[in-house]
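Got chain W; can you put chain D on it based on the hints?
Line by line, the protein sequences give chains W and D.
Its first residue numbered 1, the first sequence is counted upward by one per residue in the working numbering.
Its first residue numbered 114, the second sequence is counted upward by one per residue in the working numbering.
Keep in mind the hints are simulated off the structure, nothing from the lab.
Simulated pairs of lysine to aspartate or glutamate, EDC-like, Cα-Cα distance not exceeding 20 Å:
(1) K184/D / D120/D
(2) K57/W / D79/W
(3) K170/D / E181/D
(4) K127/D / E191/D
(5) K15/W / D84/W
(6) K42/W / E216/D
(7) K124/D / E191/D
(8) K57/W / E216/D
(9) K5/W / E26/W
(10) K71/W / D31/W
(11) K42/W / D84/W
(12) K58/W / D79/W
(13) K58/W / E216/D
(14) K42/W / D120/D
(15) K58/W / D31/W
(16) K68/W / E56/W
(17) K42/W / E157/D
(18) K71/W / E105/W
(19) K42/W / D199/D
(20) K170/D / E191/D
(21) K5/W / E157/D
(22) K127/D / D199/D
(23) K71/W / E56/W
(24) K42/W / D137/D
Bear in mind that the values here come from a model prediction, so they are computed numbers and not experimental data.
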Amino acid sequence: QQQVKQSPQSLIVQKGGISIINCAYENTAFDYFPWYQQFPGKGPALLIAIRPDVSEKKEGRFTISFNKSAKQFSLHIMDSQPGDSATYFCAASALTSGSRLTFGEGTQLTVNP
Amino acid sequence: DTGVSQDPRHKITKRGQNVTFRCDPISEHNRLYWYRQTLGQGPEFLTYFQNEAQLEKSRLLSDRFSAERPKGSFSTLEIQRTEQGDSAMYLCASSLRGSGGFEQYFGPGTRLTVT
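So that you can see chain W by itself, here it is in the shape it has in the complex (with noise of 0.2 Å):
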């Protein structure tokens, strides 16, 4: 059961644009979700995360909106840059109950210059 689910799978966008990726999961004991970004080759590094009892979260040119009655959060990634392009993965956990992440499908961004 696929608890995370991702879209859009790839996505393209101008240097100067926002890139928007958007999270849905089903569990409703989770309770924490980070943001990670992925470059080929290596392990996932943390971006940014949100508990539920806030809606918006912003760290720089990075933010994450979310709704807990749709059970759906997302990344805005402002001014996108070549540097950008990378995989983002949501994800998400359970504190009370060993904290492991249930990680989405992935989404392959492309800025291009």
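Same frame as chain W, now just chain D:
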């Protein structure tokens, strides 16, 4: 560099051989996780330790897989009688339980190829 480290970075083995991977977490982190990632997919949870205790194992972790974390420091993941389906990137992550810390930090991974 005080991040998570993994060794080796790449391993090529023949089907039926045993392999062992090592993970060194961030020094003060008490939780250590193993994940497996196949091409084009997100990482999948395998198992995790809090200090030296193995607290959870995924059903993905067959009898051929075993993990240890002696003395709550580094961890090893062993795969016995490897199969071609074991080819994947094996990722280790660590976190600090308590003090409000939830973040998991990943190492660079070990790429396993079974021929």
